[in-house]
Amino acid sequence: MSAAIEFREVCFATAQGRLLLDHISLALEAGTTTAILGRSGSGKTTLLRTVNRMVEHTGGEVLVRGEDVKAADLIVLRRGIGYVIQETGLFPHFTVERNAGIVLEVEGVARDERTRRGHDLLGKVGLDPEKFARRLPHQLSGGQRQRVGLARALAANPQILLMDEPFGALDPLTRTEMQDMLRRLLSEMTEREKKTVLMVTHDLDEALYLAQRIVLLHEGKLIASLTPEEFMRSEQAEVKAYIGAFHRGLKNTDEARR
Amino acid sequence: MSGNFWTQFGGEIATLTLEHLWLTGGAMLFATAIAVPAGIWLTRAPGWAKSVIGLANVLQTIPSLAMFGFLLPLPWLGERAARIAVVALTAYALLPILRNTYAGIRGIDPAVIEVAKALGLTGQQRLFKVELPLAASFILAGLRTATVTCVGIATIAAAVGAGGLGELIFRGVASVDNRLVLAGAIPAALLALAADAVLGLLERWFRAPAA
Numbered sequence: 001m002s003a004a005i006e007f008r009e010v011c012f013a014t015a016q017g018r019l020l021l022d023h024i025s026l027a028l029e030a031g032t033t034t035a036i037l038g039r040s041g042s043g044k045t046t047l048l049r050t051v052n053r054m055v056e057h058t059g060g061e062v063l064v065r066g067e068d069v070k071a072a073d074l075i076v077l078r079r080g081i082g083y084v085i086q087e088t089g090l091f092p093h094f095t096v097e098r099n100a101g102i103v104l105e106v107e108g109v110a111r112d113e114r115t116r117r118g119h120d121l122l123g124k125v126g127l128d129p130e131k132f133a134r135r136l137p138h139q140l141s142g143g144q145r146q147r148v149g150l151a152r153a154l155a156a157n158p159q160i161l162l163m164d165e166p167f168g169a170l171d172p173l174t175r176t177e178m179q180d181m182l183r184r185l186l187s188e189m190t191e192r193e194k195k196t197v198l199m200v201t202h203d204l205d206e207a208l209y210l211a212q213r214i215v216l217l218h219e220g221k222l223i224a225s226l227t228p229e230e231f232m233r234s235e236q237a238e239v240k241a242y243i244g245a246f247h248r249g250l251k252n253t254d255e256a257r258r
Numbered sequence: 001m002s003g004n005f006w007t008q009f010g011g012e013i014a015t016l017t018l019e020h021l022w023l024t025g026g027a028m029l030f031a032t033a034i035a036v037p038a039g040i041w042l043t044r045a046p047g048w049a050k051s052v053i054g055l056a057n058v059l060q061t062i063p064s065l066a067m068f069g070f071l072l073p074l075p076w077l078g079e080r081a082a083r084i085a086v087v088a089l090t091a092y093a094l095l096p097i098l099r100n101t102y103a104g105i106r107g108i109d110p111a112v113i114e115v116a117k118a119l120g121l122t123g124q125q126r127l128f129k130v131e132l133p134l135a136a137s138f139i140l141a142g143l144r145t146a147t148v149t150c151v152g153i154a155t156i157a158a159a160v161g162a163g164g165l166g167e168l169i170f171r172g173v174a175s176v177d178n179r180l181v182l183a184g185a186i187p188a189a190l191l192a193l194a195a196d197a198v199l200g201l202l203e204r205w206f207r208a209p210a211a
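Protein chains in written order, with the numbering used here: chain A, 1 to 258; chain B, 1 to 211.
For reference, chain A alone in the conformation it holds in the complex (with noise of 0.2 Å):
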C-alpha cells in the first residue's frame, strides 16, 4: 500500500518563534483511518491543516498521493480533500442540500446531477432527503448540522478526508450515533470510493473505534504512532498517562464496589 499522505520532518513555527510542530515524520496508508491524539495545544490541529495547507508548515515536506502540497495548485488540493469541522461551518443562508453539494457547485457540475449526488449523500449520512433537502441549518440539531457537512466533506468524492473533532460538541449519544454512521459509510465504501481519513479527537474511545492508527503528540512532538492494540499495551509513559486520563469514573465505581 502507498501513502496517501506523507509528512517529512514536518516544523510549523509561529511569527513569533515558537515551535508548534517538531520534525513530524508520518506516512498514512491510503484508505486507513488515522486518529490523533493529544492534549490540547499539542499540535494536532495543526498537523492535520498542514494537509489541506490552512496552515503552511514552515519546514519540512507534506506529501498528499506523493505531490508536495506546496507545489500543488491550491483550490485543486482543497476541492481534492474533504474538510469537517467541529463547528460544522455549514453556510447559514443555503438549503441543506445546496450546502451538500457545494463543492460541485463550485466545480460547475450541473444542477440535477448536483441534486442527485446530494440527495444520495444525504441518505448515506442517514438524513432523509425527502425530509431535510430544503431545509436551512438552523432549523437543525447538531447532530444533524454535523451530518450535513459530512456529506458536503464527501460530495466531491475526494479521496482525503480531514476531521478535526467532528464530534466533540456532540452528546454521548448523538456522538455514538455519529461513529456508527460513520464507521458503516467508511467500511461500505467501494474501492473507487475508498478514504484516507486523517481524524483530531480528543476522545480515546473513538479513536479506538474508527481508526486502524492511533497517533499520540505532544508538544509538537510525534510522541507514537501504534495500532490500537499496539496502543493500548503500549508501556510508553505518555501512552499510558493519556490511556489512564480515561474512565476514571469507571474505575473509582469499580474500586467502591470491592
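Everything labelled a hint here was simulated from the structure, so no lab data went into it.
Each residue gets a CB set at the ideal place from its N, CA and C atoms; glycine is no exception.
Don't take every hint at face value.
Some, not all, of what chain A presents toward chain B, calculated at C-beta under 10 Å [unchecked claim]:
#, residue
1, G80
2, I81
3, Q86
4, T88
5, G89
6, I102
7, V103
8, V106
9, E107
10, R134
11, L136
12, Q139
13, S141
Using the hints provided, position chain B relative to the given structure of chain A.
Here is chain B on its own, set in the frame of chain A:
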C-alpha cells in the same frame, strides 16, 4: 397652505424634489461603487482598516457648509454646482457604507469562512456565494444610514447653487416666509422617511438566517 400657494409653487416643489433625488441618488451610486469594493479590500488587508476607516471618519466630521465651500474653487468641479454637491454627498456617504461592508464581512462566523476556504472556493466564489450574501443586510443598513444622512445634507447644497429642496428653504429663510421653508423641509423629510422605509425593507429581505 392655501390653494394659491400650490398653484404658485407646486411645480417648483416637484422639480426641486426630483433634483434632490438626483443629487442624493447619484451620490449614493458613487459612494456604493467606491465604499463596497474598498470595504471588501479592507477585509483582505485588515492592516489598512484602521487608517482607511479613520480617513472616511475625518471626511464625515467636516461641516457640510465648509465642505461645499472647499470644493467650490476646484477646477472642473467648481464649474457646475451639481458636481460639487454630488462629490460632497459622496464623501459623507462613504463612511457608513465602508464601515458596514467591512464589519459585515468580518462579522461572519469564522468557521463558515474557514470551510469555504478549505473546500476550495476561489476568492471570488467565496465573496459572491458566501461573504456578500451573508453581509448584505449589513451593507444595506450602511447604505440606509448614508442615504438618510445625505437627503438631509443635500438641502445645504442649495447654498452653492446646486438646487434641490434646500433652495426653497434658503429662499424661505431669506424672505422670512415659513411656508417656503416648510415647502422645502417637508418633502425633504418625507424623502428621508421613504428612503429609510424602502431600504429598511430591503435590509430585512436580505437578512441571512441565523447560524
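Against the structure shown, which of the earlier numbered hints fail to hold, in ascending order? 10, 13
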